[in-house]
Amino acid sequence: ANLNPDSGRFRDVVSYLTQQEQEETHAYWARYLDGVEPCFFSSMAEPQDVCYRDGTVHVPDIDANAVHTFCQTWDITIATIIQTAWALVLSRYTGATTPCFGNLSSRRDLPVEDVANIFGPLITTIACRVQLDEHKTVMDVLRAVQSDYTNSLPHQNISLASVHSMLGLGANALFNTILSLQRIDDTMAVNDSEIDFRGQSGSDPTEYAINIGAGYNRSVMEIEIHYQTRCIDDAQAANLAESLSQAIYGIITKTTSTIGDLQILSKRQQQQLWKWNGEVPPVVERCVHELFVEQARARPDAAAICAWDGEMKYGELDELSSRLAGYLVGLGVGPEAIVPLCFEKSMWTVVAMLAVLKAGGAFAPLDPEHPASRHEEIFRQTGARVVLASAQHSTLCSGGNRTVVVVSEAAMRELPSEASEASTTDKRTTTRTKAQPDNPAYVLFTSGSTGKPKGVVIEHRAILTSCLGHGKAFNLTSDSRFLQFSSYTFDVSIIEIWTMLLVGGCTCVPSESDKKDDLSKAINALDANWAFLTPTVAKLLDPERIPGLQNLILGAELVTDHDWNRWSPYALQITAYGPTECCVLCTFYSGTLGFYTGLLGKSVASVSWVVDPNDHNKLAPLGAVGELLVEGPILARGYLNDAEKTAAAFIDDPAWLLEGCDQHAGRRGRLYKTGDLVTTMQTAI
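Using UniProt numbering, you'd call the opening residue of the sequence shown number 1 and step up by one each time.
Calculated pairs, SDA-like style, for lysine to any residue (alpha carbon to alpha carbon, straight line, at most 20 Å):
#  : residue 1 : residue 2
1  : 454       : 370
2  : 313       : 301
3  : 516       : 539
4  : 521       : 567
5  : 275       : 658
6  : 602       : 277
7  : 275       : 679
8  : 454       : 380
9  : 515       : 310
10 : 345       : 394
11 : 515       : 527
12 : 313       : 302
13 : 454       : 367
14 : 434       : 294
15 : 454       : 490
16 : 472       : 589
17 : 136       : 97
18 : 472       : 291
19 : 539       : 550
20 : 515       : 369
21 : 521       : 311
22 : 602       : 557
23 : 267       : 625
24 : 254       : 267
For the record, the hints were derived by calculation from the structure and aren't laboratory data.
The structure presented is a predicted model; accordingly, all values stated were derived computationally and were not measured.
Work out the full structure: start from the sequences and follow the hints.
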């Protein structure tokens with residue numbers, strides 16, 4: 001900085017800033033930040049890491065010559081490129097469409113004579129927002145960012161506190177990331193009349209979680225990310241640095257592309273994703289009832305059902321369901337036929353389900369408490385000609401051209417003699433009703449976005465692949481006794497019933513009244529040692545009252561660390577996640593390294609991908625917010641009689657899957673778009 005009295009003076013800067021109309025400055029920022037939402041890079045650090053510190057990572061592979069050539073060609077500043085690149089990275093990592101961050105301005109570009117050489121405290125922090133319209137070209141966005149900064153120059157004499165107050169944020173911050181951009185002199189002559197200032201490395205802690213520091217001149221461009229490990233760890237910071245490098249590269253090489261077309265996933269991250277997801281678990285090409293029969297023959301005297309209204313061994317369940325299956329075949333039930341079931345909690349519901357499967361059909365549970373209009377809509381969609389029901393609820397299913405078959409102990413005794421003579425080895429039954437693995441096993445109806453029931457069709461191979469996959473992952477065995485708590489219309493009931501029967505365990509069925517009034521008593525009476533509960537229900541239970549419940553799966557709602565910690569001393573815990581379209585569940589966590597709110601865990605019987613929430617044709621960077629896609633043999637066939645909704649939710653062969661990466665060949669595949677926003681962790685769980 002030159003101390004020559006003829007050079008620029010700090011008071012000239014002060015004079016310039018004080019001459020600016022404060023009302024006009026406030027009006028400018030009010031317009032510029034109108035509608036802005038606070039933009040925070042959410043903490044990705046695992047909470048068990050309590051030794052927080054500051055870290056620094058170098059942004060790799062910056063081609064300074066290419067950047068400078070671009071700037072000269074298009075009359076764009078380096079600062080504009082970095083601001084736009086960081087906005088793009090923030091958008092992809094946080095999901096913000098108009099990301100906002102701090103920009104540490106040196107104010108060396110104010111219209112004050114010789115301002116670059118003035119010695120004085122000129123630095124200030126201004127808010128920077130970038131509107132990232134996915135359909136605008138890269139150059140259009142660059143021009144807008146540069147224009148916004150130029151327009152802000154006369155209005156930088158305002159504190160962030162004033163901006164926060166103006167926006168009504170109070171003590172809350174507008175952002176937690178900041179850019180610090182500094183031009184480095186190519187050469188700096190030193191003589192007796194000058195002081196030579198040189199940058200020094202060292203710790204530079206700030207209140208911001210992430211600080212992007214850049215220094216550049218005509219031949220050099222160095223960018224570092226300074227971060228707090230309470231926000232991101234070292235591996236995540238490295239991912240972020242690679243994404244920023246990719247963003248800068250995309251900006252200077254694809255000016256005519258749209259912002260939405262830019263890819264910020266690095267090659268290393270892509271290879272890591274393929275390392276995790278290189279192999280899809282194999283499909284089990286069998287039928288559900290076939291594997292059940294194998295269990296029944298191997299352990300006919302083992303308990304299959306322990307219910308409030310009776311008990312049933314595997315051999316008994318096999319024989320009764322086969323008798324009923326023979327009768328259903330006579331009524332026209334076979335492959336692709338859908339048979340609604342309307343039951344209260346009862347052991348006879350399981351008999352009805354298995355009979356439908358043996359007959360070759362698919363069962364579709366109804367909730368007796370749902371309105372008649374919903375039942376009628378399901379009857380219409382399924383084209384049901386046969387309905388199975390308990391004696392208590394049979395009248396809910398009457399009407400139309402439907403045959404209502406009551407399933408109870410008394411009704412089973414009254415089955416026609418031909419059906420009563422049928423058995424699992426009856427060739428007449430097996431040859432006439434042979435279901436295939438790609439035939440539906442069940443249809444569950446969800447409410448749908450419009451409230452109209454939407455049927456999710458699950459095939460035999462999907463349910464078998466899922467049940468055997470998570471059964472092994474959970475270590476479910478013939479000693480497992482699973483509480484059948486869930487409604488039959490909720491797919492968790494598939495775990496409670498069918499995973500149990502396929503591994504040789506016992507499903508434990510409480511009465512409706514015990515389920516609602518004294519669940520702890522029911523768990524103890526049924527000797528259940530496994531349960532799948534929502535956190536809401538689990539909070540109602542006292543773990544000390546149910547010592548026999550040794551294993552608890554929490555899911556179907558957000559599981560918090562408080563939920564997890566409450567049960568840790570009493571039971572082995574698992575969290576599970578999965579949409580109905582993914583046959584009960586697709587991820588789980590049962591680790592011993594601790595838990596934190598929102599953790600979904602790792603894939604089971606499937607693989608998981610995270611894509612840009614606005615474009616499933618782009619993989620999201622590691623740690624970025626994206627939509628969860630599930631690939632594998634557990635996926636539903638689709639939505640019943642709705643090809644349009646099926647095509648929208650289930651996609652085939654996205655380009656990134658076909659292409660693979662350097663070390664992994666691509667493949668064809670079908671994926672389900674969950675609609676849920678997640679981030680990918682890099683640490684092992």
